[in-house]
Structures are given as structure tokens and as C-alpha cells.
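Novice: Sequence:
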Amino acid sequence: MMKYLGFIALATAALAACEQNRGVTSPAAAVATSLQAQRGNQSGENGDGPRAVYTLTNQVAGNAVAVFNRSADGTLTAAGTIATGGTGTGAGLGSQGAVALSDDGRRVFAVNAGSNDVSVFDVGPAGLSLASRTASGGTLPISLTVHGNVLYVLNAGGNGNISGFTIGTSGGLTAIPGSTQLLSGTNVGPAQVSFSPDGRRLVVTEKNTNLLDVYGVDANGAAGARTSFTSAGGTPFGFAFGLRDLLLVSEAAAPGSASSYILGRGGDLQVVSGAVLTHQGAPCWAVVTNDRRFGFTANGSGSVSGFAIAPDGSISLIDANGASAVISGGVNDVALSGNSHFLYVLGTNATPAIHTFRIERDGHLTPLEPVGGLPAGTRGLAAF
Numbered sequence: 003m004m005k006y007l008g009f010i011a012l013a014t015a016a017l018a019a020c021e022q023n024r025g026v027t028s029p030a031a032a033v034a035t036s037l038q039a040q041r042g043n044q045s046g047e048n049g050d051g052p053r054a055v056y057t058l059t060n061q062v063a064g065n066a067v068a069v070f071n072r073s074a075d076g077t078l079t080a081a082g083t084i085a086t087g088g089t090g091t092g093a094g095l096g097s098q099g100a101v102a103l104s105d106d107g108r109r110v111f112a113v114n115a116g117s118n119d120v121s122v123f124d125v126g127p128a129g130l131s132l133a134s135r136t137a138s139g140g141t142l143p144i145s146l147t148v149h150g151n152v153l154y155v156l157n158a159g160g161n162g163n164i165s166g167f168t169i170g171t172s173g174g175l176t177a178i179p180g181s182t183q184l185l186s187g188t189n190v191g192p193a194q195v196s197f198s199p200d201g202r203r204l205v206v207t208e209k210n211t212n213l214l215d216v217y218g219v220d221a222n223g224a225a226g227a228r229t230s231f232t233s234a235g236g237t238p239f240g241f242a243f244g245l246r247d248l249l250l251v252s253e254a255a256a257p258g259s260a261s262s263y264i265l266g267r268g269g270d271l272q273v274v275s276g277a278v279l280t281h282q283g284a285p286c287w288a289v290v291t292n293d294r295r296f297g298f299t300a301n302g303s304g305s306v307s308g309f310a311i312a313p314d315g316s317i318s319l320i321d322a323n324g325a326s327a328v329i330s331g332g333v334n335d336v337a338l339s340g341n342s343h344f345l346y347v348l349g350t351n352a353t354p355a356i357h358t359f360r361i362e363r364d365g366h367l368t369p370l371e372p373v374g375g376l377p378a379g380t381r382g383l384a385a386f
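Under this note's numbering, the residue at position 9 of the sequence shown is numbered 11, and the numbers go up by one with no gaps.
Any given hint might turn out to be false.
[Said to hold, decoys possible] Simulated restraints on C-beta separations:
1. D364 to D220: 41 to 49 Å
2. V328 to N189: 32 to 40 Å
3. S172 to D200: 23 to 31 Å
4. A221 to V62: 39 to 47 Å
5. A312 to D270: 18 to 26 Å
6. H281 to P127: 43 to 51 Å
7. N323 to V62: 33 to 41 Å
No lab work stands behind these hints: they were computed from the structure.
Cβ atoms here follow ideal geometry from the backbone N, Cα and C, with glycine treated the same way.
Produce the entire structure from the sequences given, and follow the hints as far as they go.
Specialist: Structure representation (C-alpha cells):
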């Protein structure tokens, strides 16, 4: 019994580090810069979308997407906000993937956790325009994933579920019959949903149960029955895919770790590197570079841990102490630019800011100038 209570205490401390602004409910001023910023030279390197970074103000009085234009050297310039039409929570979502992008960067998808719906934006020369707003298929949507014309939402409220939608040519969402599937139980603390690279599987992390859920996806986009696997480390949180269906998962339970897996064709998960210590508190968000050589975890305690990824999928720290970068005041999400040359980290100090790092050839991080002006309670991060 004492061992169980000890585990609960550690898990609670880890989640507290991952979500530092739970009590914030009051709205704050959003970024004021006009959305009419010129984008003539902003085409993305891996598609035709603009080079930009997006986050959610997540305010109770009205949610909005804050846009930051990205220059060729990785630095950001505030380009204003646009309302989602829904509401946020004003506090932590406990998730990764609250904002997502289409493969070409021409659409932005955002959760409205306070109003239980999802907003879709078109990205045009003058900025974002709201294309649709649709009920999420559950309550408290916290994470999104997109593959082709299919979108899945992770709903954390109630019993919790995943729910799928097709994306129309005009940006409207249509529920996929039979796509809504339950998680492993109630109060499981889901953190992220994501498609596998081929779109044939969905993976969900459950923080409270230490489970990784895998769902097959049929030709119509409908998710099938769930298969759950025990996480190699405690409190699995954010994750990202790499080469040959490699999966890098951050694990928030003290002392903090990350694990790598291979997702088999049958949907099974095989551990490659289990619970590699970061030596940093509360690794909660994870990304993998396009060349699949490096992975990074953003740690709620206020640092970033870099990992080298070997051809067999095994991982090892780039910096022995696990602190590839240090950010005062804690962090709450992470994203890579479309070309994987730059890493963006959402800081959660008294005034949230997005911190920029250039990724060097050996995986080390060089800090660039951060950009602030975001309200407390800001959550979610996506980049192109």
C-alpha cells in the first residue's frame, strides 16, 4: 500500500511540473500585431504553407490562435491572433497536440477545450481565416492528429475517447461513422493522440495508467478495437514518430525518462530503449527531427533534453546531464520547424514566451531570441 501511495505521489508531482498554470482563469490581452503581415517570402520548405509557429491563447473568455511568422534564420515575429469561435480553459490541458497542421501547412486545427469543439482555419496570404467549428465528439478535447483528409480528436472529459472526422475541401469536418472509440477506462489521464506515419494506426498515451493504446484504422478512416501496452517508464506523456515507425515517448514520472519503441505492422509495440533517464524533471513533450537522427523532450521543470537516435532505434543523451537547453520558469510544449532546423519551446514563466533554438549538425542547441506577449494559460504549439 505504501509503495502504491508513493507512486501516486511521484506521478502527481510529475504532472504538476508539466502543468504549472492550472489556477489561471482570467483572460489576458492577446498579441496585438495585425494579421495582415506580408507573407510573400514565407513559403514552407516542405510544402507550400507559410513558415509560421502557432499556439493557443486558451482563454475562458474566448480562445484564439496566436500566429508568429518565422524568418529563414528561425527567429519569430508576432503576426496577431484570430478567434477560434470557441472557448479555452485558461489553465493546463495536460496534453501535446492541442494545435495541429495539415501536411502542406495550409490548414490549422485547434481544440476548444472549454466549449468541446474543434476549429479549422485556412491559411492564406493575409493570414488565417476560420473555415469551420465542429463538436469534438466528446468533452474536453485536448489533442489532435491529421493524416491526409482525416482528423482525430482526443477527448479527455467524461469517460474519454478518440473520435474521427473527414476534412472537406472547404475545411468542414464530418464525423466518421464508427470512429469513436473508448480509452482503457475512466480517469486514465490521456495526453496525446497521433497517427503513425502511414496512417494505419493511432496511438494514445495514458498518464494515469502507464499505458500506450494502439488502434487500427481502416480504409474509411474508422478506428478499430484498442490494444494497450504497458509503458517502459512511468507517466507516458508526449511522443513523436521517427524512421520505420520508431516511437519516442516522454515519461514524466520522477526522475524523468524517455523510451523508444518500434510499432509493428500488426500494431504491437516492441521496446528498444526503455526508460532512459533525462536527469531532468518531468519530460512531458517530445519531437523527432525529419532526418530521424535526433529527438528532444521538453521538460516541465524548465529544460530540453536532446537524444541521438541510432539506426536500430535506440536512444542516448546528447548531453550527459540531460540539459541540452535551460529555460527559466518551466516549459509546456515543443515543436519543430518544417525543415527541422529549429526547435520551438513554449515557456510558462509569469509571461509565457516561445523560445527558439537552432539545431546544430551534432544535435546541440543554440538559443535565439525568444518572443513573448502571450497570456497566462497559453497552451499547444505547432510549427511549419
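Novice: Give a verdict on every hint.
Specialist: Consistency of the hints with the structure:
1. Between D364 and D220 the CB atoms are about 42 Å apart, so this pair conforms to the stated range of 41 to 49 Å.
2. Here the CB-CB span from V328 to N189 is close to 34 Å, well matched to the stated 32 to 40 Å.
3. Remark: the range hint 23 to 31 Å for S172 to D200 is upheld by a beta-carbon distance near 27 Å.
4. One distance hint, 39 to 47 Å for the beta-carbon pair A221 and V62, holds here, with the actual separation near 40 Å.
5. Restraint check, A312 to D270: a C-beta distance of roughly 21 Å satisfies the suggested window 18 to 26 Å.
6. Evaluation of the 43 to 51 Å hint for H281 and P127 yields a pass: the beta carbon distance comes to about 46 Å.
7. Distance hint for N323 and V62: a CB-CB separation of about 39 Å, consistent with the stated range 33 to 41 Å.
In summary, the structure agrees with every hint in the numbered list given earlier.
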